[in-house]
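> Residue numbers (the working numbering), protein chains in the order written: chain A, 1 to 345; chain B, 1 to 100; chain C, 1 to 169.
Incorrect hints may appear among the rest.
Examples of chain C residues lying across from chain B (beta carbon under 10 Å, computed) [as the list claims (entries may be wrong)]:
| no. | residue |
| --- | --- |
| 1 | VAL35 |
| 2 | LEU101 |
| 3 | LEU105 |
| 4 | GLN138 |
The set of hints was computed from the structure by calculation and includes no laboratory data. Beta carbons: idealized from backbone N, C-alpha and C, even for Gly.
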Amino acid sequence: MLPDFINPTLVAHLVLIFIIFQILVLSAAFMVWMERKVCAYIQDRPGPNRVGPAGLLQPFADVIKLLMKEDLKPRAADTFVFWLAPIISTATAFAAFSVVPFGSETTLFGLLNEPLRLEVTDVNVAVLVVFAIASMGIYGVVLAGWSSNSKYSLLGGLRSAAQMISYELSYGLALAAVVMLAGSLSLREIVTNQSGYWWYVIPKWYVFLQPVGFLIFMTAGVAETNRAPFDFPEAEQELVAGYHTEYSSMAFAMFFLAEYINMVTVSAVATSLYLGGWFGPLLPEWLGWMWFLAKVLFLLFFYVWMRWTLPRYRYDQLMEFGWKWLLPVAVLNLIATAALVIWLG
Amino acid sequence: MVSLNHFLILSGILFSIGTVGVFLRRNLITILLSVEIMLNAVNLTFVAGGRYLGTVDGQIITFFVMTVAAAEAAVGLALVIALFRHKETLSPEAFTSLKW
Amino acid sequence: MDVVAFYIFAAIAILASLGVVGQRNPMHSVMLLIVSFGALAGLYVLLDAPFTAVTQIIIYAGAIMVLFLFVVMLLNAHTEDDIPKTVLGPRAIRIGVLLSLLLGLEVAYALSKLGITSFTTDSGTIAKISSVAQIGVQLFTTHAFAFEVTSILILVSMVGAVVIAGRKH
Numbered sequence: 001m002l003p004d005f006i007n008p009t010l011v012a013h014l015v016l017i018f019i020i021f022q023i024l025v026l027s028a029a030f031m032v033w034m035e036r037k038v039c040a041y042i043q044d045r046p047g048p049n050r051v052g053p054a055g056l057l058q059p060f061a062d063v064i065k066l067l068m069k070e071d072l073k074p075r076a077a078d079t080f081v082f083w084l085a086p087i088i089s090t091a092t093a094f095a096a097f098s099v100v101p102f103g104s105e106t107t108l109f110g111l112l113n114e115p116l117r118l119e120v121t122d123v124n125v126a127v128l129v130v131f132a133i134a135s136m137g138i139y140g141v142v143l144a145g146w147s148s149n150s151k152y153s154l155l156g157g158l159r160s161a162a163q164m165i166s167y168e169l170s171y172g173l174a175l176a177a178v179v180m181l182a183g184s185l186s187l188r189e190i191v192t193n194q195s196g197y198w199w200y201v202i203p204k205w206y207v208f209l210q211p212v213g214f215l216i217f218m219t220a221g222v223a224e225t226n227r228a229p230f231d232f233p234e235a236e237q238e239l240v241a242g243y244h245t246e247y248s249s250m251a252f253a254m255f256f257l258a259e260y261i262n263m264v265t266v267s268a269v270a271t272s273l274y275l276g277g278w279f280g281p282l283l284p285e286w287l288g289w290m291w292f293l294a295k296v297l298f299l300l301f302f303y304v305w306m307r308w309t310l311p312r313y314r315y316d317q318l319m320e321f322g323w324k325w326l327l328p329v330a331v332l333n334l335i336a337t338a339a340l341v342i343w344l345g
Numbered sequence: 001m002v003s004l005n006h007f008l009i010l011s012g013i014l015f016s017i018g019t020v021g022v023f024l025r026r027n028l029i030t031i032l033l034s035v036e037i038m039l040n041a042v043n044l045t046f047v048a049g050g051r052y053l054g055t056v057d058g059q060i061i062t063f064f065v066m067t068v069a070a071a072e073a074a075v076g077l078a079l080v081i082a083l084f085r086h087k088e089t090l091s092p093e094a095f096t097s098l099k100w
Numbered sequence: 001m002d003v004v005a006f007y008i009f010a011a012i013a014i015l016a017s018l019g020v021v022g023q024r025n026p027m028h029s030v031m032l033l034i035v036s037f038g039a040l041a042g043l044y045v046l047l048d049a050p051f052t053a054v055t056q057i058i059i060y061a062g063a064i065m066v067l068f069l070f071v072v073m074l075l076n077a078h079t080e081d082d083i084p085k086t087v088l089g090p091r092a093i094r095i096g097v098l099l100s101l102l103l104g105l106e107v108a109y110a111l112s113k114l115g116i117t118s119f120t121t122d123s124g125t126i127a128k129i130s131s132v133a134q135i136g137v138q139l140f141t142t143h144a145f146a147f148e149v150t151s152i153l154i155l156v157s158m159v160g161a162v163v164i165a166g167r168k169h
């Protein structure tokens, strides 16, 4: 029905990329709502319930309010870098999701000639690409802190960047242990290695082989995304608002968008590496993306739960924990995994 | 078609830009940055050569060059900090106490 | 398609490197160098070396440049050099600049006299070059000694940096 030169797989792929982008933006909006509702229920109060059914349209009201605000910039700020910093934060947050697979192949009920994989792309070094783009995300924070030309921002930006770099090491070592188990750096292959069951009951997920590694990865992920209990650089009581003190309106919204999408990416990567991706009982494999969504939501709920339950780490406690406790445990985990892989063949 | 010559010429140009930077700039940090440009040009030569010869050794040498560059940048910047603490300036003209 | 991508990345790398050398503000120099590293990573991908490209971003653009950025921000020193004055100034510097430009021209000339040396398109060789497993095997068997020595080198530089830059109580 389409002319010959339009390749239906290419069109389907472009539509898929567009859908993924929109879902990421919507997921950030959903996270705003979920955070406020869960926070409210933990604090024994109803939370937003006026705008839309059960307060579901609250994030849209928040966005409209933020857009209506005035765009401020301190006079002594370096203009180009001041506007570049939120762009870097947001762009790297979106880009990191580009290699995460969230479903197996689909042919859209026979409309396509060849099956379309549910992901943006798959490179053979996908795990390292996620890591590399996460390292680039540090620049958004540190440039925002510096270019605002204010004491609070600079201190917040430097502390935040130092924290992110310190926890990246444990993040990478936990990743290396999973790569050793799977024998490949491609996220799609790591997930397909986790299909199947042992003794027909326990799924072959890596979280059962690497419980310590999973905890290290999630802890380092929380610290990477600057979320509580590691959010000292954003602590309202100590540093006004850290590196985004001087930002208002759309730029502030972009920093928050970047933070929520980083959370979604860390949860999605953790799901692919440890929780078996899109595999799950009961549903056929082509509906696997529903299991993926459920697992990611489970991890995001943990993120929000931790924020509103645990007190904040002080900065020196945070750095000591990252270097003196988490890093040695991650190294020991790597050595133990290597020994097991060699011993069991 | 892109051949080995293209990559080697590009890396030669980058290397000479780095050398010009080391001679021209009178700011310690920019001199270190120019040295990094030179190291990157050499990395590009190695990877292109490895691709031409069909071995993976080019990339392995690159791995070592990157590690050495990291170590050198760390110590170099520590020296810059120590010097700045002493003389409050980043210009190499100020550190002439060993000149006769 | 490959040719277009090569010229785009090459242009970005050269212009960014010229910017690093020519910019007055060291902060802008650091940021332009990060752009140059990104362009080089793109060139590595064109050379069928995805692992080297990603490692370049992680190590160079993600760690070494953050170190440079921290030092530039913390020292907050104003630039003191003025390029026109330097070029018209001491004779040694002018000779040095001329010699480096001459070096660049010589390399370009010599390479253009080389015959056409095209890359192999044998897919078996390409698969061997771009595979991370092959890099790992070579690194841990043929070059194992250099690998271990590198780890000691990093330890030495870490201790050295802390000792040199640390405050003397």
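> Are the hints correct? Go through all of them and say.
Hint by hint, here is what the structure shows:
no.: 1; hint: VAL35; in the structure: violated, 12 Å
no.: 2; hint: LEU101; in the structure: holds, 6 Å
no.: 3; hint: LEU105; in the structure: holds, 8 Å
no.: 4; hint: GLN138; in the structure: holds, 6 Å
In summary, the one numbered hint that this structure violates is 1.
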